[in-house]
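Put the two chains together into one complex, using the hints given.
Residue numbers (the numbering used here), protein chains in the order written: chain V, 1 to 108; chain S, 1001 to 1221.
Worth flagging that the hints you see were computed from the coordinates, not collected in a lab. Mixed in with the good hints, there may be bad ones.
[Unchecked claim] Some chain S residues near chain V, calculated using beta-carbon distances under 7 Å:
id : residue
1  : 1006
2  : 1009
3  : 1010
4  : 1011
5  : 1127
6  : 1154
7  : 1158
8  : 1182
9  : 1186
10 : 1189
[To be verified] Not close to chain V: a few residues of chain S, all C-beta gaps over 10 Å, as computed:
id : residue
11 : 1014
12 : 1030
13 : 1076
14 : 1078
15 : 1080
16 : 1109
17 : 1155
18 : 1171
19 : 1185
20 : 1187
21 : 1193
22 : 1203
23 : 1205
24 : 1207
25 : 1214
Here a beta-carbon is modelled for each residue, glycine too, at the ideal position from N, C-alpha and C.
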Amino acid sequence: MGIVDCVAEQAARHGLERVSAVHLRLGAGAGVVRDSLRFSWEIACAGSVAAGSRLDIEDVPLAVYCERCDQERTLERFILRCPVCQSPTPRILRGRETQVVALEVPDP
Amino acid sequence: MTGTVAIEQSILTKNDELAAALRARFRASRTFVVNLLSSPGSGKTTLLEETLRRLAPDYRVAALVGDQATENDAVRLKRSGAPVRQITTGEECRLDADMIGKALEGWDAGPLDALFIENVGNLICPAEYDLGEDFRAVLFSVTEGEDKPLKYPLAFNTAHVALVTKIDIADAVGFDRETARASIDAVHPGADILEVSARSGAGFDAWIDVLRGLIEGKRAA
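This is chain S alone, in the form it adopts within the complex (with noise of 0.2 Å):
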């Protein structure tokens, strides 16, 4: 065969695919599923951990955390009570549905209102894969520049909440949150914002009641 084949195909086709499968298959369980995105550095293990220790009085809570190597953040976590697992991805530079289909194989996390996944720190391939999640949240901390979601776009645009982190330190290091918001607002019109820090706690019962009201949600579904 010679000449031109015409394909149409989009990359994504296969992991949207088995995405809806998860999705079907968290809905028949009634699990909260969360995928956290930001860059290294931005807190998500820090946000986690007091998210699961909140939490776990109240709701069977587990958590998948992506790395490309090490098992450092699920140790960590693991702190928490809950049940925890890493995902190591190696060359791979995000999480796909695939490895949290692998991932919950063979896992007895037992029945769950929620499940957390931590992403690998990057901001630009994990905003392109679905993995079957109810709720996406992206977080920025407070150091990384008030222009950063307009040098990410993506992630800012397909998350339903941005988590502004580290917020007890905003006025030492001269954080503009008007600018930072406008960011946000430029690639996502009309986006929820919620500024928090794990360690002061600062905005922390906010962010926890969005997620109860979510959790009993899909309880409820």
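So here's chain V without its partners, still in its complex pose (with noise of 0.2 Å):
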């Protein structure tokens, strides 16, 4: 899994030999089924760096440039029309992300 492997890299480039909590910023439009991860997670850290880890998810909604009305809008599903206008709203701003923004260390 892609975040396994850059939660390890991440952690030997901080000198970090273990890491008790793995804090993800996922957004809503990234190609992530979040109960297909979170029921995965403990068997895929298994053996790693995050063996045993926490996962914490920060979810982004998927964010749109409406050019009709000049606006950021919100989405509740991806399906690219202005929620307000109705009019194609090709240009995604935000919620394709999926990054590893902390890592966090055990008490020793």
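This is the structure:
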């Protein structure tokens, strides 16, 4: 899993031997299914620096720019239409990211 | 060290860097690269086999094909006469830029005008992974349900063209063309959509013409 690889790499870079929690920023429009991720987290982390870690997900809603309204709009679903004026909103501003934002280190 | 360490690292950074290197390499060789995405069973291999067959007389074409297991698709595609290499991904549900780089090593396909990459049949993970391609095509067949783009929006959002495949059996399966097009447009406003059948040949000339234009464009670039 790419997330665990990323955590392992970053832990090594920062000289961390153990990671007790992983803070993830996850866009609503990223191709990641939250339930599946939570379900598989323990298994995916087994044997890695993050074994037994807690997963903390910060959700980022899908945000687009509506040209007609000249406004940023937040979408409930991945349907690229302005919820106010219904015009197409192809430009995605946020909500596609999958980022590891922080790692927690256990108390010694 | 205790406490919290701030990172701010996208999990795709490494892949994106490798994809950028591949893109530079394909630019230097003027090879036009297509990434084909779809669910299992949408007809990627059949479409690709016919595409290779039609382009081979005029262009140097080759294919990389990704599956979790078996070499079956590579065996099928080799019937086109084009060089084909299978990538078996094991537990991974998608191709990534590293796999493409490794597959190109030691593969004597010669100079290429176009390289087609058939991704693993899956519409979720492959959408996130840049393979250094110029052009991304997503396939969905008339038997899959007209709302499929709404279920897997990212694949359709990131594709340059959506190919509605098996169009020869559309009437037999009660395919609702307008609903399907509206679903694609909802997740990718203004998307290019082509209806094709590799079996009957319907719409195939238009698809081949698109590819010819893009291959020529890259050659001239």
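Exercise. List, from low to high, the hint numbers that the structure doesn't satisfy.
Key: Violated hints (numbers, rising): 7, 8, 11, 17, 19 and 20; every other hint is consistent with the structure.
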